[in-house]
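S.K.: The listed protein sequences correspond, in order, to chains U and Y.
Going by this note's numbering, the first residue of the first sequence is number 55, and it counts up by one from there.
Going by this note's numbering, the first residue of the second sequence is number 55, and it counts up by one from there.
If you are wondering where the hints come from, they were derived from the structure by calculation, not from laboratory data.
One or more hints might be untrue.
As the list makes no split between identical chains, a pair holds if one copy fits it or if it spans any two.
In silico BS3-like links for lysine-lysine, alpha-carbon gap of 30 Å or less [stated by the list, open to error]: (1) Lys-189 to Lys-236; (2) Lys-181 to Lys-305; (3) Lys-181 to Lys-317; (4) Lys-181 to Lys-236; (5) Lys-189 to Lys-179; (6) Lys-262 to Lys-189.
There are 2 protein chains.
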Amino acid sequence: MAFAISAGAVIRPIRSSIDESFALPPMERFEELINERTRGILICNPNNPTGYLYTRAEMNRIRDLVKKHNLYLFSDEVYREFIYTGSPYISACHLEGIEDNVVLIDSVSKRYSECGIRIGALITKNKAVRQAVMKFCQARLSPPLLGQVIAEASIDAPRSYTINTYEQYIERRNCLVDELNKLPGVYSPIPMGAFYTVARLPIDDSDKFCEWCLTDFNYEGETIMMAPASGFYSEEGYGKNEVRIAYAIDKADLKRAIFLLGKALEQYPGRVNP
Amino acid sequence: MAFAISAGAVIRPIRSSIDESFALPPMERFEELINERTRGILICNPNNPTGYLYTRAEMNRIRDLVKKHNLYLFSDEVYREFIYTGSPYISACHLEGIEDNVVLIDSVSKRYSECGIRIGALITKNKAVRQAVMKFCQARLSPPLLGQVIAEASIDAPRSYTINTYEQYIERRNCLVDELNKLPGVYSPIPMGAFYTVARLPIDDSDKFCEWCLTDFNYEGETIMMAPASGFYSEEGYGKNEVRIAYAIDKADLKRAIFLLGKALEQYPGRVNP
Chain U
55 MAFAISAGAV IRPIRSSIDE SFALPPMERF EELINERTRG ILICNPNNPT
105 GYLYTRAEMN RIRDLVKKHN LYLFSDEVYR EFIYTGSPYI SACHLEGIED
155 NVVLIDSVSK RYSECGIRIG ALITKNKAVR QAVMKFCQAR LSPPLLGQVI
205 AEASIDAPRS YTINTYEQYI ERRNCLVDEL NKLPGVYSPI PMGAFYTVAR
255 LPIDDSDKFC EWCLTDFNYE GETIMMAPAS GFYSEEGYGK NEVRIAYAID
305 KADLKRAIFL LGKALEQYPG RVNP
Chain Y
55 MAFAISAGAV IRPIRSSIDE SFALPPMERF EELINERTRG ILICNPNNPT
105 GYLYTRAEMN RIRDLVKKHN LYLFSDEVYR EFIYTGSPYI SACHLEGIED
155 NVVLIDSVSK RYSECGIRIG ALITKNKAVR QAVMKFCQAR LSPPLLGQVI
205 AEASIDAPRS YTINTYEQYI ERRNCLVDEL NKLPGVYSPI PMGAFYTVAR
255 LPIDDSDKFC EWCLTDFNYE GETIMMAPAS GFYSEEGYGK NEVRIAYAID
305 KADLKRAIFL LGKALEQYPG RVNP
């Protein structure tokens, strides 16, 4: 967002809600915001921070809108290996009739747990976009050398790595959602992909609460770190009682973390009754 | 340059010349280009591509100009360990009276031969610049993780590494300049720093010549790769008979490369008599 704005783009956010499990908002909300200067729609699927996975019906609605207004569809799909519903994954690249509109963003960081490796890909059939991107690539000289070497090695990882990782994430997700929803006043939808969930907590202000957990709270010398969801909303005042929790840690640690969250919520001075 | 232009900056180049060994042009040339919208001066010292090192007198002239017009001085000093003249190095950070104007650019890539590691530093006493830079840092999340680890280890390299590297570069530089200037019609100034020189060759077009070396020429199965100097001039038509040569390879390979350059110049169809 910071880079888009500094490049002169105007970002018009469309808010999804925990009450609808962060499903795609009605297309009327998109239509209201589209004007003659609108150039593209950006989605993240499976979604960071919510873990929501867009259904075929939702993706088809996006396709129709993109086609109607001849927009670009920028689709951040870096979590596409992490889908837990058994339903087929509908990539933006699977959508028919908008082949020249789609720009897919991919990365090795999530797939191979290579955070900070800074190697990704931009995939598009649109020749003009590819030519423009090539100019940026030449200005940048190259992505990090070591990242290139490791990324290239990673894509040869055996199928067993992917399966094993996938199975671990399934277990972690089930553990996380079960444990979270057992806590009084806490609600988390069931994330269908990625390795995050956005949970609602009985608190006054998630920024304050997350800070308090790090500075004032500990239980047997341990505490928890979460991202306040307010930072993921573009509009002021939303996500005040929501946090993003990542489940990229061991199941045992995860279980302990949710236990600690429960203890923190008991002690937090800004606890509210939902 | 590409990034500056895409950020809306207007670049006004000041041309230096091989006939003056790429010394700092007269300050009148700077004064002519400065107007009310001028914000800063960018220098690279020791210089890539020329290997020129600005003297104390030249740095003082820059200081006076920066002070007079209250400009930023962006000083790219990534080659500052590679100086072969024995004279003290005058960094932009050594200049008195413009402490708040100086922004120094540094990198570990050259110092430790860690090309593509993508770890550097921006050093300034100017608080407003530091605050603005912090916003970019936060937007970017972090530089490459592996580069951070390696860069941190590298700065603990023993003094013997630096001395050994330095001595090798001195030998390479002497070898390069001696051998180049022995070739008929070839001239290279003596570079004082970095690990490059810009040499004048008896050729019609350095872009064509460098390409021809890679596609059409070989001597006993070997050839040479150089950067046409035309790409380092901002104005069309300059550097047509100049190339940048890097001496970041072994002395024996370097000697062989200059020998091959001589052979290439003998056979090149676009050879001209100087």
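S.K.: May I ask which of the numbered hints given earlier this structure violates, with the numbers listed in increasing order?
M.R.: Hints 1, 2, 3, 4 are the ones this structure does not satisfy, whereas the remaining hints hold.
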